[in-house]
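> Below are the chains, spelled out letter by letter.
Number of protein chains: 2
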Amino acid sequence: MKMSKLYMPTLREVPSEAELPSHKLLLRAGMIRKLVSGVYSYLPLGYRVIKKIENIVREEMDAIDSQEVLMSAIHPAELWQETGRWEDFGPEMFKFNDRHNREFCLGPTHEEIFTDLIRHEVKSYKQLPLSLYQIQTKYRDEKRPRFGLLRSREFIMKDAYTFDIDEEGMRKSYYDMWKAYEKIFERCGLKCKVVEGDSGAMGGSDSHEFTAISEYGESNIVYCDDCDYAATDEKAACLYEIESKNLEELSIEKVHTPNVKTIDDLTEFFSTTSDNFVKTLLYNVKDEVVAVLVPGNKELNEIKLLKIFKVPEHELFMAEESQVKEVTGAEVGFAGPINLKKDVRLLVDSRVTKMKNFIVGANETDYHIKNVNYGRDFTGEVIEDLLLVEEGDKCPKCGSILKMDRGIEVGNIFQLGTKYSEGLNATFLDENGKERKMLMGSYGIGVSRSMASIIEQYHDENGIIWPLSVAPYQVVVTIVNVKNEEQIQLGEELYKELSSLGIEVLLDDRNERAGVKFKDIDLIGIPIRVTVGKKASENIVEFSLRKEGNKQEINVNEVIDRIKEEFKNQGLSV
Amino acid sequence: MKMSKLYMPTLREVPSEAELPSHKLLLRAGMIRKLVSGVYSYLPLGYRVIKKIENIVREEMDAIDSQEVLMSAIHPAELWQETGRWEDFGPEMFKFNDRHNREFCLGPTHEEIFTDLIRHEVKSYKQLPLSLYQIQTKYRDEKRPRFGLLRSREFIMKDAYTFDIDEEGMRKSYYDMWKAYEKIFERCGLKCKVVEGDSGAMGGSDSHEFTAISEYGESNIVYCDDCDYAATDEKAACLYEIESKNLEELSIEKVHTPNVKTIDDLTEFFSTTSDNFVKTLLYNVKDEVVAVLVPGNKELNEIKLLKIFKVPEHELFMAEESQVKEVTGAEVGFAGPINLKKDVRLLVDSRVTKMKNFIVGANETDYHIKNVNYGRDFTGEVIEDLLLVEEGDKCPKCGSILKMDRGIEVGNIFQLGTKYSEGLNATFLDENGKERKMLMGSYGIGVSRSMASIIEQYHDENGIIWPLSVAPYQVVVTIVNVKNEEQIQLGEELYKELSSLGIEVLLDDRNERAGVKFKDIDLIGIPIRVTVGKKASENIVEFSLRKEGNKQEINVNEVIDRIKEEFKNQGLSV
Chain E
305 MKMSKLYMPT LREVPSEAEL PSHKLLLRAG MIRKLVSGVY SYLPLGYRVI KKIENIVREE
365 MDAIDSQEVL MSAIHPAELW QETGRWEDFG PEMFKFNDRH NREFCLGPTH EEIFTDLIRH
425 EVKSYKQLPL SLYQIQTKYR DEKRPRFGLL RSREFIMKDA YTFDIDEEGM RKSYYDMWKA
485 YEKIFERCGL KCKVVEGDSG AMGGSDSHEF TAISEYGESN IVYCDDCDYA ATDEKAACLY
545 EIESKNLEEL SIEKVHTPNV KTIDDLTEFF STTSDNFVKT LLYNVKDEVV AVLVPGNKEL
605 NEIKLLKIFK VPEHELFMAE ESQVKEVTGA EVGFAGPINL KKDVRLLVDS RVTKMKNFIV
665 GANETDYHIK NVNYGRDFTG EVIEDLLLVE EGDKCPKCGS ILKMDRGIEV GNIFQLGTKY
725 SEGLNATFLD ENGKERKMLM GSYGIGVSRS MASIIEQYHD ENGIIWPLSV APYQVVVTIV
785 NVKNEEQIQL GEELYKELSS LGIEVLLDDR NERAGVKFKD IDLIGIPIRV TVGKKASENI
845 VEFSLRKEGN KQEINVNEVI DRIKEEFKNQ GLSV
Chain V
305 MKMSKLYMPT LREVPSEAEL PSHKLLLRAG MIRKLVSGVY SYLPLGYRVI KKIENIVREE
365 MDAIDSQEVL MSAIHPAELW QETGRWEDFG PEMFKFNDRH NREFCLGPTH EEIFTDLIRH
425 EVKSYKQLPL SLYQIQTKYR DEKRPRFGLL RSREFIMKDA YTFDIDEEGM RKSYYDMWKA
485 YEKIFERCGL KCKVVEGDSG AMGGSDSHEF TAISEYGESN IVYCDDCDYA ATDEKAACLY
545 EIESKNLEEL SIEKVHTPNV KTIDDLTEFF STTSDNFVKT LLYNVKDEVV AVLVPGNKEL
605 NEIKLLKIFK VPEHELFMAE ESQVKEVTGA EVGFAGPINL KKDVRLLVDS RVTKMKNFIV
665 GANETDYHIK NVNYGRDFTG EVIEDLLLVE EGDKCPKCGS ILKMDRGIEV GNIFQLGTKY
725 SEGLNATFLD ENGKERKMLM GSYGIGVSRS MASIIEQYHD ENGIIWPLSV APYQVVVTIV
785 NVKNEEQIQL GEELYKELSS LGIEVLLDDR NERAGVKFKD IDLIGIPIRV TVGKKASENI
845 VEFSLRKEGN KQEINVNEVI DRIKEEFKNQ GLSV
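Chains as they are written, first to last, in our numbering: chain E, 305 to 878; chain V, 305 to 878.
Calculated directly from the structure, the hints in this document are not laboratory data. Take the hints with a grain of salt, since some may be wrong.
Treat identical chains as interchangeable: a pair holds within one or across any two.
[Stated by the list, open to error] No more than 35 Å apart at the CA atoms, straight line, and that leaves these computed lysine-lysine pairs for DSBU-like: (1) 476 x 701; (2) 430 x 800; (3) 476 x 309; (4) 427 x 800; (5) 707 x 611; (6) 427 x 787; (7) 800 x 355; (8) 487 x 355.
Please work from the sequences and hints to get the whole structure.
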């Protein structure tokens, strides 16, 4: 492609709306444009990267005998109602009616649609196992779309679904997909950690997330360097242990604590440390208030709470002020387990039961109670682990200190078991003619999100540094001065020769100052650069790699060998 | 691909919902499945054909320097309101609100979205001309979705948009696209006629439709064998001429015509021919009734009426019974231009003014009036041409008798002029620094509809006969008896050898009776067939083409040459 014809509206200014490197650079490099909040258009260079990623996905899916299909983006409500997810998804689902007033949604995922297809088509164990995938546009009406392609309302996904006759088959399908995902992300150049995931709205038993390490990622991941343990912080088991202290249980005592509400205020007021407090958190779950008790120095993991109540995320939130007053009889900040004014469910993290003489709110404005002890002063439902893993916690598998990192969830794999085949009655006849439910898996890769994640991992202050495998073009030939005949001629010759070898080449033949051209080339991140300048008459050109920057003068005859070398270094062939 | 693993749910029965060959065969061959009315899923074989067509489109678009992008399927209402099309599209648009109650639609076409992109990005004549395209899913909430992929509510389109500085540039872009379309349809094997089109909701000046000839097509096209005139029947000028008769104008006379309403009844009653009548048709246009008069032996062309009233299709319909009674004072069937009870607009096709002593309704139940003459007995707005072209009409260009055919509109190209750049204020600065509106073109190809159209043109009673260029697989190697070791071995060898040459091969290794296999192979329409049967031990196989059927025994060594020969015959290379 000649850049004089390429539609590549680069920007010098950093768009004010963008915070993250990937978002800024995708806009600046003229690869995407915002239509409305969370909805983007892919311009020529950006869409070439998308197609590169899609092709890598296709090749690895085909390699494990998954077959490509394309399903609708508009789904009839009935199927989602059959599994109960029409309500579960809540406001995240775009919903609409057709001209006959039939209800539809824009598909946020496709478990219902694939299961519906298969229940009508597959009747016998002979037709299983089956693995189908699609690369398709998905929709989620995010509360706060942000970070460009990392959290958008319209996005490109690869989603796959497997159907097996038994658990063993399901686990094999899961394993195959896992291995394919590793290859896909490796080929895209993405450095990922595979962590135990939370199944969330998908349901089912086992799940893993492929997380691209990035300081701006929205996922917190926890892993152990001494063993293979790795999980999201939402899922990770917290091995926090309370030393059993052989202390005498003192008498409880009400203390006047005017306007002292937070743990920080309280530690100062009582001149003690936060591990001597127990926090009483009031939540609203399906219009009912529940109280949750955790040690004052630890955080509650809300995802663990969701699992106990078996509700979707949007149905759990902190109790409102009026509810707090009704339940505690006090202002916000003085809740505790003793003398609640209403009978509410009381969930207690198991560590609380091992603490001695701790401090809690008194359910009375400006008062706390000290020397409280579980069992003697109150009881509740004891839950083994409600805590969020934190820096310094120990690995639940080997006891070493866990490490934490941030990352972007670019892929996920779920063992769904029979959740959907039960909900939608997807059965088959086994070898003995007995009707059984299919065992399913579902697997996602965020294609557009992967593009942004690659940029998060590959950029510098001047722009993007694409890995060769996903670069919009592999090589750029820059004619420094387009008024110089020799430069034009040599540039065009190189362009033609490289193109004829199947190399994807940009020819920068724009009538711009050299500085402008080099800035653009840095910004759009083409991996291999050949610059045709003053020494064109001597058949000397400059060769450089975007990732290194140092330029070398070489004879034009060496160009192809040098390109081949870099292809080889990055695991590709010309 | 081994067919034992291929997801290809063929059906023996013809699905009752399907009327057209393409619809029946796509369902029977397991290529598509219906999700809901007008919404389909593409299964593995069907989606391979879609991708083949898409790639042909891509290559030809790239060849004319059109650049691929991908825009959103969800459009904010504001852009459509700016051009006034939010209302124009009426109930054909799927509309919905997001969680913040902002209005959106599912894009039925993308003029607004592309123009919006360009008005923000392109400021100078130096950035023009520009040609962009996308292959994307479109939505129209059709009143009566039917015929499978030919009239669906969700469909795959290639749409392109060009932006030029002047008329000349626009016409060149239009011509380039025209030529690219000819190549695309030719490569897909589609026999098309290019006809003058009606611009409809697109607006603009000039347009053409690419119509795949098919007896089941919904478009009627009119063309001349003696010159290059070709148009849709909606657009075609009707050259119907009334011989001026030097007859005396007789006195009008009211005739009792009890229960005689239709032209057929009337010709019988009056013992005359239909060209002695004038039909008075009552229409409802924006809640107002208008009367339209055409010769009794000709049909009104409603599209020509739409243009006069400048309203979209859904705002013009036949007047309701109550309106007819109100305007004529009579039952339906007795309308006429004389003594209307209400003052309505009266549109008169110019031929009516040349007729003598004709018969019309009397605006009184069971009465007609004869010997009516335009000018003497009534007047109205005379319109040059309101008639639909019919078999036997003459070519408006050369006067020869026109021919008529049916077809499917698979592509269309529009010169939009400044319709959208005015509506959305898309301007650029010309060489003199003067602000000017861009000249636009818009161009569509129905990708999914093309797939169905190819089947309409290529099938027989046993199934589909894919042209090699779009076939899901190019060759099928059938192992007749999968219990025979020699057959398996030879079949697998051939499969591997052909695959290694880059040929797309299916290996029918299914444990089914030979008859079942052959029926399936016929049905799915793979162009080249190699059958490995009893003579495998002698290295003899059967070679046949789906389009011919006659089988030939050849030595296995000849297979590749025979395949190459057929590739060459169909303009492809191995």
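> Each of the hints needs a verdict: does it hold here or not?
Consistency of the hints with the structure:
1. With identical chains, the CA atoms of residue 476 and residue 701 are at most 35 Å apart within one copy only, with a shortest distance of 24 Å there and 70 Å across copies.
2. Taking the shortest alpha-carbon separations for residue 430 and residue 800, only the inter-copy value of 25 Å comes in at or below 35 Å, while the best intra-copy value is 53 Å.
3. Only between protomers do residue 476 and residue 309 lie at most 35 Å apart by alpha-carbon distance; the minimum there is 16 Å, versus 49 Å within a single protomer.
4. When the C-alpha separation of residue 427 and residue 800 is checked against a cutoff of 35 Å, the pair qualifies only between copies, where the shortest distance is 31 Å, while the shortest distance within a copy is 55 Å.
5. For the identical chains of this complex, residue 707 and residue 611 are intra-copy neighbours only, at 25 Å inside a copy versus 71 Å across copies, given an alpha-carbon limit of 35 Å.
6. For the identical chains of this complex, residue 427 and residue 787 are inter-copy neighbours only, at 25 Å across copies versus 70 Å inside a copy, given an alpha-carbon limit of 35 Å.
7. Proximity of residue 800 and residue 355 under a CA criterion of 35 Å is satisfied in both settings, with 23 Å inside one chain copy and 28 Å between copies.
8. Proximity of residue 487 to residue 355 under the C-alpha cut-off of 35 Å is found in both arrangements, the shortest distances being 17 Å within a copy and 24 Å between copies.
The structure fails none of the hints (numbered hints given earlier).
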